[in-house]
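A.B. asks: Okay, here's what each chain looks like letter by letter:
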Amino acid sequence: MLDLQTAPPETAQLAVAPVITARGLTKSYDRRSMILRGVDLQIQPGERIALIGSNGCGKSTLLKCLIGLHPISGGELDCLGAQMQGGGSRAERQHLRQQTGFVFQKHCLVRRRTVLSNVIHGLFGAPGSWRAFSHSIAPEPWRQRALEALDAVNLADKAMMRADALSGGQQQRVAIARALVRRPRLLIADEPAASLDPVSGRNVMDLFQSLCGGQGITLLFTSHDMKHALDYATRVVALKQGRVLFDKPSGRVSQSDLNETFHG
Amino acid sequence: MADPRPLPTPDRMGGLSPASFAALVTVGALVLVSMNNVAPSLGQLADGVPGMLRLVGRMLPPNTEADFLARIALRILETFQIALAGAAIGIVLSLPIAWLSARGLSPLGRGAFLVKAFVSLLRTIPDLVWALLFVATVGLGAVAGTMTIMVDTIGFCGRFFAEAMEDAEREPQEALRAIGANRASVLVGGVLPDIMPSLINSSLFALEKAVRSSVVLGLVGAGGIGQELKVAFDLFQYRNASMIILVIFAIVLLMELCTDKLRARVR
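If you read the sequences in order, they're chains A and B. The numbering used here puts the first residue of the first sequence at 1, with every later residue one more than the last. The numbering used here puts the first residue of the second sequence at 1, with every later residue one more than the last.
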């Protein structure tokens, strides 16, 4: 199995610190429309958070702001010790991304490459990462690490297949392996089951639960499937019109909370 | 019961504004005036046919003497080397140039258009003009031909590679950026594998084009079989010329067959 316990030395020091602290976070792409209107959020290590809300409420934007893919417009954001005001410095973004795995709604694999090369791509950003371009030039320990990540998602036997030869569910599992290969402390997933059939969707969510729950990785995912949100998260955060509507343990989320989130 | 009133019929010239109509008439007039000035008249065509037949008669049979064939074999080899070396160097140089000029990928940001303009300049000047320039700078021979093909290939591949890069799938690029990949890693890890079929196709077209161009570069002294062709026509050795034309035809056809087969295998 993949040794996800091997984490950077500063892990112990930061173990008690929140993984994410956002205060009054705002984001707008132009002056007319504000996507995030003052989001307050704190996530502790090992939590599994579901971010819910209707289309356009700012879920995906929030996730991308957290890792500096989109710079925030205002407020304070500390993610894994990196200060991300204005998108953070280049060094801070790099440091943050090396500790973070990101799984997109569409698996976003490089389809003409092998499954193994796609997983090794997860090591881009590490020192000497130009060798992460392809499994054929990657150092042997990286190849081994990628195979272990594939084994963790039960796809080690598909390592040498082209990515576009796999089913949608399998491709999403490869994307998870790509995120895991960097041994992340935080795993962010943007509607990871949305493009999958119900069975594949549950398999992917089961995988997240077992990998993150077992290894203490903090998981933050968005979902339109309330069953996924309530079954797989320890806490549910609802966004509405760019603000946090409620933030409570998944066991205490009521039907009226959901109605207010999506219809109210 | 059908409505007795006829349905309104659309205007026959619908969609054609007065400005478009005027532009159409102007273009038509230009074509007619040009044809009147420079196109061959029926009389000229009729006069030219006997001359053409006499020339073809003097070209037959093509020269198949062993000495001559050995000489043009060497020239054909040189032509092929000019095409291959020029195209290979041009294709390799086109990759970074295309990257620098590709919208959304270029590290130069808005300055990318300057590189695009430079590539357009290379493409706009005809290859025979480049050949004249290089013959004037590096002298007569194959090196001038190779440099011409290289510049011509950059003008062609630089544009098509850049367009392929701009059209590459965005999602894998975003995923790699989210991982922490820098611009070069996104290019090498995400963009190039995605556009590989397009790159290979453009490169094969460039090679085809290079072979076709390299046979005429000799006309201005830039090496290759074209030089032999020019000598044959200058000295009225029409049987030699016909053999050279047949060999050129065979080479170009062979190249097109090979590249067609290779293209069919790219997926």
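Treat the hints as calculated values from the structure; they're not laboratory data. None of the values given here were measured: they were computed from a predicted structure. Glycine is no exception: its CB is placed at the ideal position from the N, C-alpha and C atoms. One or more hints might be untrue.
What the hints assert, rightly or not - If you want a taste of the chain B side facing chain A, the calculated C-beta under 8 Å gives, among others: (1) 117; (2) 172; (3) 178; (4) 179; (5) 188; (6) 190.
A.B. asks: Which hint numbers doesn't this structure obey?
C.D. replies: Violated: hint 1 alone.
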